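Position chain B against the provided structure of chain A, taking the given hints into account.
Protein chains in written order, with the working numbering: chain A, 1 to 228; chain B, 1 to 168.
What the hints contain is simulated information worked out from the structure, not anything from laboratory work. Hints are not guaranteed to be accurate.
To be verified - Ranges of calculated distance between the beta carbons of each label pair, as one might list FRET restraints: (1) Arg107(B) / Ser86(A): 36 to 44 angstroms; (2) Arg93(A) / Phe8(B): 30 to 38 angstroms; (3) Ala211(A) / Gly26(B): 48 to 56 angstroms; (4) Ala216(A) / Gly59(B): 46 to 54 angstroms.
Said to hold, decoys possible - If you want the ones that stay clear, here's a sample from chain A, every Cβ over 12 angstroms from chain B, calculated: (5) Arg37; (6) Arg40; (7) Lys76; (8) Thr145; (9) Leu156; (10) Gly159; (11) Leu166; (12) Asp168; (13) Gly185; (14) Asp210; (15) Pro218.
Quick caveat, the model's predicted, so the values are computed rather than measured. Here a beta-carbon is modelled for each residue, glycine too, at the ideal position from N, C-alpha and C.
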Amino acid sequence: MVSLKSLVAFAAAVSVSAFGLPCMGQIQPTALEVVNRVSRTYSQVSQYEAEIESSPDSALSSTKKMFIHVMLKAPKFRVETEVLESQEEARLRSLAVYDGSTTWVYNESQNTYVSSRGQAPDLGEVWISEFRDLSAHYESKGGLTLRLAGEEHLELEKGSFKDCVLLDLQYPHETERLWIGKDSGLVLRARHGGATYTFRKIELGKPIDDAAFRFAPPPGARNAASPQ
Amino acid sequence: MQWTNEQFTDASVITTEAGRVGLNLGWFTLWAGPQGMQIGDGPFKNTEMTLTGNSSALGLLLGSMCQGSGDNCFTADNTTFDSLFHKNIEFNFRQNVATDSIQITGRWDANTYSWIVQLDIDPNNPLKNPLAHTADVVQHWTTGHDTDYSQVAKRLGIDPLRDNPWCH
Chain A
1 MVSLKSLVAF AAAVSVSAFG LPCMGQIQPT ALEVVNRVSR TYSQVSQYEA EIESSPDSAL
61 SSTKKMFIHV MLKAPKFRVE TEVLESQEEA RLRSLAVYDG STTWVYNESQ NTYVSSRGQA
121 PDLGEVWISE FRDLSAHYES KGGLTLRLAG EEHLELEKGS FKDCVLLDLQ YPHETERLWI
181 GKDSGLVLRA RHGGATYTFR KIELGKPIDD AAFRFAPPPG ARNAASPQ
Chain B
1 MQWTNEQFTD ASVITTEAGR VGLNLGWFTL WAGPQGMQIG DGPFKNTEMT LTGNSSALGL
61 LLGSMCQGSG DNCFTADNTT FDSLFHKNIE FNFRQNVATD SIQITGRWDA NTYSWIVQLD
121 IDPNNPLKNP LAHTADVVQH WTTGHDTDYS QVAKRLGIDP LRDNPWCH
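Chain B on its own, in the form it takes in the complex:
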């Protein structure tokens, strides 16, 4: 599987941050092919990482999302724009921080008999900074450029090469 530098950087930032906040993605595998790390290089195409796994993998992931307060918490998120682009979403979680917040959406895929999980990081959490998040979204629709993960990495203090968990 050949990835571009941008795909590699974006995937590295997402997985590093997911690991930092304690998400257990260990039993999931990356969706085969370039769609495993889709780049939002168009007005209606989102940057997101796609993983697939069985019910045990999903159980571990859901179990790693705490229900209390703090940075490692997720809340149901029904305020996003996913209905425009994604169908049949069965769960939708959001890291409980105002900025650079991980979003996870998931659905059951009857064709592959597996759970398909998509992750991305939004510069502004729509539940905390709705105005700024909406501005980010309309900017994406207008320019065709989704989240710049090199900027996310700088804000989060992540070095995509050094911190990438796949290279160790």
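This is chain A alone, in the form it adopts within the complex:
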């Protein structure tokens, strides 16, 4: 007589051998091919430049749009952010730089900055880190189903289209969707966590001059960590 325990163990083993992954929700084999392609595309990247546009999914958000320009030359990074708020016409800007020893964060409208020596939070890798091992990301979030949801002709810039496959990653409380370039294996759009992020431009392995990772507080800038 076959016990329930051994049946479960057998099912898990079949799942691992068939898909190369531990059993974690329902994974469509064709979707897994796409996941593996994305992971191969990003796995060795230590240098890249990207322009990301973020739009909130809720109309109630105080932010209309956010533009993020990222440069990474690991471990150094530069992240320029511009926010267009719903109630105001003004565009607000900030800059974060890690020069290899110190992280600097500068707020342009207030002309203030903070800095921290030593290990810095990783603002450079984080924009692509989920894509390096999508299956691990899916597993760690308790994924329920992973499936292809069709194809789309995605307009990244006016008149410039990319053919994408749509990948849906379903979790207990939300479903993430990724738009993946059919030619490149790049994630060109991601919807999760209450917003949609569009990678208007992304160049993996692009040489970046070290000058981009230097920061000196502008004249008159105040250190926000110091007493006024």
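Structure of chain B alone, referenced to chain A:
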């Protein structure tokens, strides 16, 4: 102690959600003054609630954080941006959900001979939604506005006036 409506709302949402997930904050007291509920009204100022208590209070809190799986679980969180703003953090816990996740940081304060614990709710958990959390952080640095707790309350189904445990 006079609080603004925003301080009252934010504190109510944090304590209500902490109670829902089973955190035992019963032996802690609110840090005296407006710093008890700091509002992140600047690019480098975080919205967070500050409590103080003795080792027994800390023991009860830590004991209420389960180690298994489920919504009432916390994991060590070393991926946050606290090193830029907070020094000498001795423990750092994170509610194990992808969105609207409670974070607790704590340190021993030799001056008051007590544990100081700070709580906040992040719209995106950096351990689950790192990209979205980082976008939230850079947005805060840029606009000077930290988490909007009225939006957190709506998503979590909390009415800050009706559910506030201090008003019963």
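A quick look at each hint next to the structure:
no.	hint	in the structure
1	Arg107(B) / Ser86(A): 36 to 44 angstroms	holds, 37 angstroms
2	Arg93(A) / Phe8(B): 30 to 38 angstroms	holds, 32 angstroms
3	Ala211(A) / Gly26(B): 48 to 56 angstroms	holds, 55 angstroms
4	Ala216(A) / Gly59(B): 46 to 54 angstroms	holds, 47 angstroms
5	Arg37	holds, 19 angstroms
6	Arg40	holds, 20 angstroms
7	Lys76	holds, 17 angstroms
8	Thr145	holds, 16 angstroms
9	Leu156	holds, 18 angstroms
10	Gly159	holds, 27 angstroms
11	Leu166	holds, 18 angstroms
12	Asp168	holds, 15 angstroms
13	Gly185	holds, 18 angstroms
14	Asp210	holds, 22 angstroms
15	Pro218	holds, 15 angstroms
In this structure, none of the earlier numbered hints is contradicted; all agree with it.
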